[in-house]
Amino acid sequence: MKSFKNHLSLVIALLSILFSLQVFTIVDRAIDAYKENLAQHYSLVVVAQKKVDIKKLQKSFSIIDNISELSPDSVIKKLNSGISKKNIELLKVTLPKFYKLKLKYYPSPVELKKLTESLLKRSAIQKVETFSKTHDTTYKLLVLFKTVVTLFAATVIIVTILLIFKELRIWQFKHNERMSIMGLFGAPVWLRSAVLFRLAIVDALIASGLAFGLFTYISSMPWVREQFSHIGIDIVVFDTMYDFLIMLGVSLSVSILLAIFIVLGHKEEV
Amino acid sequence: MDKVIIADNLSLAYSDNETIINKANFSIDSGSFVFITGASGSGKSTLLKSLYGALKPIEGSLVVGGVELRGVSSSKLSFLRKHLGIVFQDYKLVKEWTIEKNIMLPLIINGYEKAVTQNQVDSLLKHVKLQHQIGKYPQELSGGEQQRVAMARALAHNPILILADEPTGNLDDYSSQLIWNLLEGANEQLKTTVIVVTHHIPENMTVRYKHYHIESGDIREVL
Chain A
1400 MKSFKNHLSL
1410 VIALLSILFS
1420 LQVFTIVDRA
1430 IDAYKENLAQ
1440 HYSLVVVAQK
1450 KVDIKKLQKS
1460 FSIIDNISEL
1470 SPDSVIKKLN
1480 SGISKKNIEL
1490 LKVTLPKFYK
1500 LKLKYYPSPV
1510 ELKKLTESLL
1520 KRSAIQKVET
1530 FSKTHDTTYK
1540 LLVLFKTVVT
1550 LFAATVIIVT
1560 ILLIFKELRI
1570 WQFKHNERMS
1580 IMGLFGAPVW
1590 LRSAVLFRLA
1600 IVDALIASGL
1610 AFGLFTYISS
1620 MPWVREQFSH
1630 IGIDIVVFDT
1640 MYDFLIMLGV
1650 SLSVSILLAI
1660 FIVLGHKEEV
Chain B
96 MDKVIIADNL
106 SLAYSDNETI
116 INKANFSIDS
126 GSFVFITGAS
136 GSGKSTLLKS
146 LYGALKPIEG
156 SLVVGGVELR
166 GVSSSKLSFL
176 RKHLGIVFQD
186 YKLVKEWTIE
196 KNIMLPLIIN
206 GYEKAVTQNQ
216 VDSLLKHVKL
226 QHQIGKYPQE
236 LSGGEQQRVA
246 MARALAHNPI
256 LILADEPTGN
266 LDDYSSQLIW
276 NLLEGANEQL
286 KTTVIVVTHH
296 IPENMTVRYK
306 HYHIESGDIR
316 EVL
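Residue numbers (my numbering), protein chains in the order written: chain A, 1400 to 1669; chain B, 96 to 318.
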């Protein structure tokens, strides 16, 4: 029971750090996937006086994924009645050219503004329709959501670190006596600190294991997948290899750092 | 005879303005049994602390087991302490360890094999009459029993020098006698040098052993 209590405080602190990190990762992945999804359904329309060299235009802007010319047929169809075939052909030539620009990713409002300005600098291009009102709202919502989650994760991590520092003082008090006694009998620093490092490593492993179990379970829940599919995305909620290694690395680093602080802060009894 | 301790103009202090031992000169032969007495606050425990390197000399020289303790490096100090057996007035047992593990401590530090360690611990527990307390933690024992565990720990690795600070301070007669017998046994049978800081020397031991007295920062042999 006593040994369980010894582990519990650090394990819970580490677990909350890992939980916050993974939640942040999931939200980040979800937003990226959603942006990609938006980018697939988002395009700009460029109106030009004359035919534009599509290849040349695409080469000039790395953000552009592809450009396609919009057919004027639907417009002409509406004007069709009472116009001779010859005049229709003439109209086809004189009508402005419409191009649909698909982008590689969902741009920020600043990127979009820059792109519009650059396009309008070309003499042939008369107008660029960005559908900016819809775009801006969606983009700002995404940014707001990400900021809120980042702030939440950062707050949890900061509070947890403060708790860990409190725990550090308790550990310092608890281990100082044993380390001093061992030192009085000539134990080298590594032997004096061995228990501490073993405890730190065991706690890091326990916390990572628990986090692994928790997120493996969460990622296997059909409800979670459903939530993402409702907004049209499919993401890896928990990568058992990559995410687990990151969790393990973070928890080991935090707990070993804690042990190092204790060893450095240890003062021999006089 | 070899000297296990040589103090030359030794001065000890906790702070710059208060010297506790002032330019003391003494030496202790290897294999001897020495009592150090003095009034409360005279510097007995301070002197003992300096002998295991917890307090460094501010002046002069102090050589223990061939190691000069003035400005000693931590690795040399660790080396020296591995060969010392220390008995503290407040026992200094590790609370979260069983009494066996506490006794094992110097053996583990000195790299003894597991089987040797276990044999030695079993034998010492019998010597200190605590074999029936196996598996217990220090706080589950009485003061006298805890001091017997501390004594067993000090003897475990056959040290060259035992330093005991008021080893029978608050103990009952039975435990006190047991401690004195163990210290005498180590000195007579293993030729271990024993230095005991105490207020009170048992009557049957006053004549047989060397006796130093600390007064006003000076250490003098009582003849």
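The set of hints was computed from the structure by calculation and includes no laboratory data. Treat each hint with caution, since some may be false.
As the list claims (entries may be wrong) - Computed Cβ-Cβ distance ranges for the label pairs, DEER-style:
id	chain 1	residue 1	chain 2	residue 2	range
1	B	283	A	1608	26 to 34 Å
2	A	1612	B	208	34 to 42 Å
3	B	156	A	1659	31 to 39 Å
4	A	1612	B	237	45 to 53 Å
5	A	1566	B	210	57 to 65 Å
6	B	317	A	1562	35 to 43 Å
The C-beta atom is built at its ideal place from N, Cα and C for all residues, glycine as well.
So, going through the hints one by one against the coordinates:
Taken as a hint, the range 26 to 34 Å is violated for the pair residue 283(B) and residue 1608(A), whose Cβ atoms sit roughly 56 Å apart. Roughly 40 Å separates the CB atoms of residue 1612(A) and residue 208(B), a value that falls within the hinted 34 to 42 Å. The beta-carbon spacing between residue 156(B) and residue 1659(A), approximately 36 Å, falls within the hinted interval of 31 to 39 Å. Checked against the hint of 45 to 53 Å, the C-beta distance between residue 1612(A) and residue 237(B) comes to roughly 46 Å, which is consistent with it.
For residue 1566(A) and residue 210(B), the hinted distance range of 57 to 65 Å is not satisfied, since their beta carbons lie about 38 Å from each other. Taking 35 to 43 Å as the suggested C-beta distance range, the pair residue 317(B) and residue 1562(A) does not conform, at roughly 58 Å.
The structure fails to meet hints 1, 5, 6 from the earlier list, while all remaining hints are met.
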